[in-house]
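Go ahead and model the full structure; you've got the sequences and the hints to work with.
If you're matching them up, the sequences are chains A and B in order. Note that my numbering gives residue 15 to position 15 of the first sequence, counting from 1, and the numbers run on in steps of one. Every number in my numbering is 113 more than the matching position in the second sequence, counting from 1.
None of these hints come from the bench; they were simulated from the model. Please note that the accuracy of each hint is not assured.
Derived pair list, reagent style DSS-like, types lysine-lysine, alpha-carbon separation capped at 30 Å [claimed, not checked]:
| id | chain 1 | residue 1 | chain 2 | residue 2 |
| --- | --- | --- | --- | --- |
| 1 | A | Lys105 | B | Lys124 |
| 2 | A | Lys5 | A | Lys105 |
| 3 | A | Lys54 | A | Lys68 |
| 4 | A | Lys56 | A | Lys105 |
| 5 | A | Lys71 | B | Lys170 |
| 6 | B | Lys127 | A | Lys105 |
| 7 | A | Lys105 | B | Lys170 |
| 8 | A | Lys5 | B | Lys170 |
| 9 | B | Lys170 | A | Lys68 |
Where chain B lies over chain A, by a calculated footprint (3+ residues, C-beta under 8 Å) [stated by the list, open to error]:
| id | segment |
| --- | --- |
| 10 | 41-49 |
| 11 | 100-113 |
Cβ-Cβ distance ranges computed for the label pairs, FRET-style [what the hints assert, rightly or not]:
| id | chain 1 | residue 1 | chain 2 | residue 2 | range |
| --- | --- | --- | --- | --- | --- |
| 12 | B | Asn143 | A | Thr45 | 18 to 28 Å |
| 13 | B | Gln167 | A | Ser10 | 32 to 42 Å |
| 14 | A | Thr26 | B | Ser118 | 32 to 42 Å |
| 15 | B | Glu191 | A | Thr45 | 25 to 35 Å |
| 16 | A | Asp55 | B | Gly211 | 18 to 28 Å |
| 17 | B | Gln154 | A | Asn67 | 19 to 29 Å |
| 18 | B | Lys170 | A | Asp31 | 19 to 29 Å |
| 19 | B | Gly153 | A | Thr112 | 19 to 29 Å |
Don't be surprised by glycine CBs; every beta carbon is placed ideally from N, CA and C.
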Amino acid sequence: DQQVKQNSPSLSVQEGRISILNCDYTNSMFDYFLWYKKYPAEGPTFLISISSIKDKNEDGRFTVFLNKSAKHLSLHIVPSQPGDSAVYFCAAIVSNSGYALNFGKGTSLLVTP
Amino acid sequence: DTGVSQDPRHKITKRGQNVTFRCDPISEHNRLYWYRQTLGQGPEFLTYFQNEAQLEKSRLLSDRFSAERPKGSFSTLEIQRTEQGDSAMYLCASTRAGAPEAFFGQGTRLTVV
Chain A
1 DQQVKQNSPS LSVQEGRISI LNCDYTNSMF DYFLWYKKYP AEGPTFLISI SSIKDKNEDG
61 RFTVFLNKSA KHLSLHIVPS QPGDSAVYFC AAIVSNSGYA LNFGKGTSLL VTP
Chain B
114 DTGVSQDPRH KITKRGQNVT FRCDPISEHN RLYWYRQTLG QGPEFLTYFQ NEAQLEKSRL
174 LSDRFSAERP KGSFSTLEIQ RTEQGDSAMY LCASTRAGAP EAFFGQGTRL TVV
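Written out as structure tokens, the structure is:
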């Protein structure tokens, strides 16, 4: 049962524009959310996270928004760069259960020049 | 390099053989996790250790799989009597105490022929 869903398998954006990657979850016990970036043949790299007590967290070009009532979060990348082309995974945890990550299936982002 | 290290990077084995993978976490991290990723899916949690204690196992971890972390440092994941369905990327990650952000190794790609 997929508790974290990324419904867009792929996204193409022009360099300099905003990339918006979406993620939905079903388990209301999730209280911490993370985004990872993955290049082929490498492990995921941590990007940014947000606690359920917040609705926004920003780090440079990356901003994560959380809408708890809708069980929805999104990652905004502004401005997008060709080096951002990768697969992006949304993950969620229940903090008091060992921090095991529940991942979505990922969204493949392509940033074109 | 002080990141998470996994060995080997690639392993090809015949069906029915046993294989063992090693993970060296970031040295000050006390939690270590194993995940498995198949094509088109996000990583799936297998098991985790806090120091040398194995605290949680996923139902994905059949009785052919065993993991150890004997001295609370490196960990091994063994798969006995491999099957073609075991072909996947096996990822190791570690976290500091109280911090949910997991840092991943580059993974071991297993191919069972």
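Determine whether the Cβ-Cβ distance between Asp55 of chain A and Gly211 of chain B falls within the hinted range of 18 to 28 Å.
About 23 Å separates the Cβ atoms of Asp55 of chain A and Gly211 of chain B, which means 18 to 28 Å holds.
Does 19 to 29 Å hold as the CB distance between Lys170 of chain B and Asp31 of chain A, or does it fail?
Cβ of Lys170 of chain B to Cβ of Asp31 of chain A: about 23 Å, so the range 19 to 29 Å holds.
With the threshold set at 30 Å, check whether the alpha-carbon distance from Lys5 of chain A to Lys170 of chain B stays at or below it.
holds (23 Å)
Within the assertion that chain B covers the segment 100-113 of chain A, do at least three residues meet a Cβ-to-Cβ distance smaller than 8 Å?
n = 7 at 8 Å, threshold three: holds.
With a cut-off of 30 Å on the C-alpha distance, tell me whether Lys54 of chain A and Lys68 of chain A pass.
holds (9 Å)
That 19 to 29 Å hint for Gly153 of chain B and Thr112 of chain A (C-beta), does it hold up?
Given a distance of about 23 Å, which is inside 19 to 29 Å, the answer is holds.
Is the hinted pair Lys56 of chain A and Lys105 of chain A satisfied, with a Cα-Cα distance of at most 30 Å?
holds (23 Å)
Agreement of Lys170 of chain B and Lys68 of chain A with the hint, judged by alpha carbon distance not exceeding 30 Å:
OK: Lys170 of chain B and Lys68 of chain A at ~29 Å, within 30 Å.
Examine the segment 41-49 of chain A: at least three residues should have C-beta closer than 8 Å to a C-beta of chain B.
holds (count 7)
Between Asn143 of chain B and Thr45 of chain A, does the C-beta distance stay in 18 to 28 Å?
Given range 18 to 28 Å: holds, Cβ gap about 21 Å.
Hint consistency between Lys5 of chain A and Lys105 of chain A [alpha-carbon to alpha-carbon, up to 30 Å]
Between Lys5 of chain A and Lys105 of chain A the Cα gap is close to 7 Å, so the pair holds against 30 Å.
Beta-carbon spacing of Glu191 of chain B to Thr45 of chain A - inside the hinted bounds 25 to 35 Å or not
Since Glu191 of chain B and Thr45 of chain A have Cβ atoms about 27 Å apart, the given range 25 to 35 Å holds.
When held up to the earlier numbered hints, the structure conflicts with none and fits them all.
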